[in-house]
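With the hints as constraints, model all of the structure from the sequences given.
For the protein sequence lines, the chains are R and Y, in the order given.
Taking our numbering, the leading residue of the first sequence gets 1, the next gets one more, and so forth.
Taking our numbering, the leading residue of the second sequence gets 1, the next gets one more, and so forth.
Warning: the hint list may mix true and false statements.
Unchecked claim - Label pairs and their in silico Cβ distance ranges:
id, chain 1, residue 1, chain 2, residue 2, range
1, Y, E251, R, Y19, 48 to 56 Å
2, Y, D239, R, E323, 42 to 50 Å
3, R, D280, Y, E90, 43 to 51 Å
4, R, A345, Y, Q194, 42 to 50 Å
5, R, V343, Y, A356, 43 to 51 Å
6, Y, E390, R, V343, 22 to 30 Å
To be verified - Footprint (simulated), chain Y over chain R, 3 or more residues, beta carbon under 8 Å:
id, segment
7, 65-78
8, 215-228
9, 288-295
10, 313-322
11, 333-347
Hints listed in this document are in silico derivations from the structure and should not be mistaken for laboratory results.
Cβ coordinates follow ideal geometry from the N, Cα and C atoms, glycine included.
Number of protein chains: 2
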Amino acid sequence: MIRAPSGFSFLSTQAGFRYTGRKDLGLILSQVPAAAAGVFTTNRFQAAPVLVSKEHLQTINWARALLVNAGQANACTGEDGLQVCRRTCELTARAFGLRPEEILPASTGVIGQGMDLSAWERGVTALAGNTDGNDPLGVARSMLTTDTFPKILWREVPLAGGTVRFLGLAKGSGMICPHMATMLAFICSDVRLQPETWQEMIAQGAEKSFNRISVDGDTSTNDCLLGLANGHTGVSPEDSELPVLDRELTELCRELAYLIVQDAEGGTKVVRIRVSGARDTSQAEAAARTVAHSPLVKTAMFGRDPNWGRIVAALGRCGAEYEPSRVRVSIAGREVFAGGTPVAADIDSLLAPYLARQEIPVAICLGQGPGEYELLTSDLSVDYVRINAEYRS
Amino acid sequence: MIRAPSGFSFLSTQAGFRYTGRKDLGLILSQVPAAAAGVFTTNRFQAAPVLVSKEHLQTINWARALLVNAGQANACTGEDGLQVCRRTCELTARAFGLRPEEILPASTGVIGQGMDLSAWERGVTALAGNTDGNDPLGVARSMLTTDTFPKILWREVPLAGGTVRFLGLAKGSGMICPHMATMLAFICSDVRLQPETWQEMIAQGAEKSFNRISVDGDTSTNDCLLGLANGHTGVSPEDSELPVLDRELTELCRELAYLIVQDAEGGTKVVRIRVSGARDTSQAEAAARTVAHSPLVKTAMFGRDPNWGRIVAALGRCGAEYEPSRVRVSIAGREVFAGGTPVAADIDSLLAPYLARQEIPVAICLGQGPGEYELLTSDLSVDYVRINAEYRS
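Below you can see the structure in the form of structure tokens.
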């Protein structure tokens, strides 16, 4: 049983935006105003719901609801798209007795398609008539696009004043390369926190989790991580307990982010790229991202081929400073390249059983300094191409 | 009939480095010392033949031969690889009565595998015994890896002093994203030029052709463009004729580069991305490269889907400065996105016949300044993934 935080309702329905026979509209409703936090895409083309959610968070940093639809991204839809997004907040506010600015909207789906307002009207009416408000899995399902499974996780944190809970929901799959931001993800909690503290926790959680994954290097126009902490338990953490809460929230974000990479479009593997020995963190990040985005590295992983030459070739163009002869590369814990040459001629057969596993660790040491970075990525499979060549048809 | 420049022999044979039943060793031999020029990969991990060719060009800028093998890249092979590469030059020099430094070697194939010196000895002996020195197509075939056709082009340029010829040979297919350098390509000419002039022409030709294509964003460790101008015609261009020669050489390079993109691993389309209205050239280039490397854009092209939302999303993360509302995007000459919104709802069906074509022009105007850049790229197909998941097995 999903252990959801107290004081929240989870509603979902089939509005029929794009998909048939499945839920595509979800609402997470707090019984009381909740500390609200958000981290948003840095893509220059920001979707209407991203702009509206940012606007609402700037107006008030307490919110009552997260509203999500799948099938239409409402991105690159101009002033019309903004009006439609505001209208969906108004419809929902009226149906649930809220103010529009207490609602944080999020959308996912095809870029550029207009939103179907009549589907919204029917959908919101159905949500309001929904008497079972205890179905977080329904909401997690309503936000999926090409995802193959819903992503929902929870944690209980015992504090001095009592136990509080976190619930996380996410969708991912494609166009995944969050950059100081994230894809669609929601975190609910019944802990009592000031909005500023909550915002800081959410932002730090995103930086250490969603911002460190990449499926295809494409940063979406709709990425956002939204958080509501409604304080329904009445439990406020003591100052000494904040690091515990931080750690639990970050772990939850990391697990959600892992699920997104695990469910990457067509993905068969999770590749964990750890770069160390870089001059600084940003050079370590550059090296990790260049390797993670190399189509040749990604297809080799799909082919279960420990083709380290492609990793080295990617490092060679990453822009980080290092001495090539000091670079070391390990796959699945076995060093394959060091001192400018292969470590052993027969490493391929030794590595074969490890390459058959679902998670492949790749460790790179640049031998230059203290900079480190870790990034999760997926492989590039025949199915990724099929899914994305056919997604709109 | 291939109209090769005079004073060159073209020899090739089956040495059996990796492939069976096909040529994999080629030699282009000038009867007299030729002005020699080279442009090389900027990858930090440079293959042994790249290092040796650079060394030889630094020693003397006149050369007698270009030596190429396919199947073993001799990259990331350390000091051993360098010794082996020098030894192949010595073997060839002895067989043909040259000095080793008059030979410019180039290799393509799998990174990290050692070179088979006994195959080299047999191969060079076979080359030397080859009496038909008039087979440039054989050399073009001997340098292929996953390429599906040989790439060879020629041009005749009538100058005041007589007619001179250019011959270009190239290989491409995968790990193609030349950066201030190029993949394997050779240009021979019988024009008489000083090495400095020839080097400048070759470098400019590369910049406007090979450096403006990308298959997968992966810059190879072995990229090089080598040029020999042997002056065998005795024709020196007058100063006023240099721009003509420049233009002809650049056009030849562009056509060769186009063939490489046309023969991209698994590629079904050539996508011509033109960015204008950027603040400067480097921002235009950043925008073009971000769009060209987006797996989502590339799979949409493969799927014949005018999914401009993916182009816009890629622009949104390219780092160039612009006002989103002033960005315009056209596909196949039809504007699809402007003023922050789609131009028309039914554009997809209008574009369908154009998306079925082999070359797809994508024009992007950022509305910010005079910066322009053009880049050729391929689509991302199911076969690209298959080829690269299976390349080593």
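**Request:** Given that the segment 313-322 of chain R was listed as covered by chain Y, double-check it with a C-beta distance under 8 Å for 3 or more residues.
**Result:** Coverage by chain Y holds for the segment 313-322 of chain R (6 residues, Cβ < 8 Å).
**Prompt:** Are there three or more residues in the segment 215-228 of chain R whose C-beta lies within less than 8 Å of some C-beta in chain Y?
**Reply:** With 6 residues close enough to chain Y, the hint holds.
**Asked** Do three or more residues from the segment 65-78 of chain R put their C-beta atoms closer than 8 Å to C-beta atoms of chain Y?
**Response** Coverage by chain Y holds for the segment 65-78 of chain R (5 residues, Cβ < 8 Å).
**Request:** Mind checking the hinted window 42 to 50 Å against the Cβ distance between A345 of chain R and Q194 of chain Y?
**Result:** holds, 46 Å
**Request:** Just tell me: holds or violated, for the beta carbon distance of E251 of chain Y and Y19 of chain R against 48 to 56 Å?
**Result:** holds, 51 Å
**Item:** Verdict for E390 of chain Y, V343 of chain R (Cβ pair) under range 22 to 30 Å
**Value:** Since the Cβ atoms of E390 of chain Y and V343 of chain R sit about 24 Å apart, the hinted range of 22 to 30 Å holds.
**Message:** For the hint 43 to 51 Å, verify it against the beta carbon of V343 of chain R and that of A356 of chain Y.
**Reply:** holds, 49 Å
**Item:** Assertion that chain Y covers the segment 333-347 of chain R - criterion: three or more residues, beta-carbon distance below 8 Å
**Value:** holds (count 6)
**Message:** Using C-beta distances, would you say chain Y covers the segment 288-295 of chain R, given that this needs three or more residues below 8 Å?
**Reply:** holds (count 3)
**Item:** Range hint 42 to 50 Å (beta carbons of D239 of chain Y and E323 of chain R) holds or violated
**Value:** holds, 45 Å
**Prompt:** Is 43 to 51 Å right for how far apart the beta carbons of D280 of chain R and E90 of chain Y are?
**Reply:** holds, 44 Å
Checked against the numbered hints given earlier, this structure breaks none of them.
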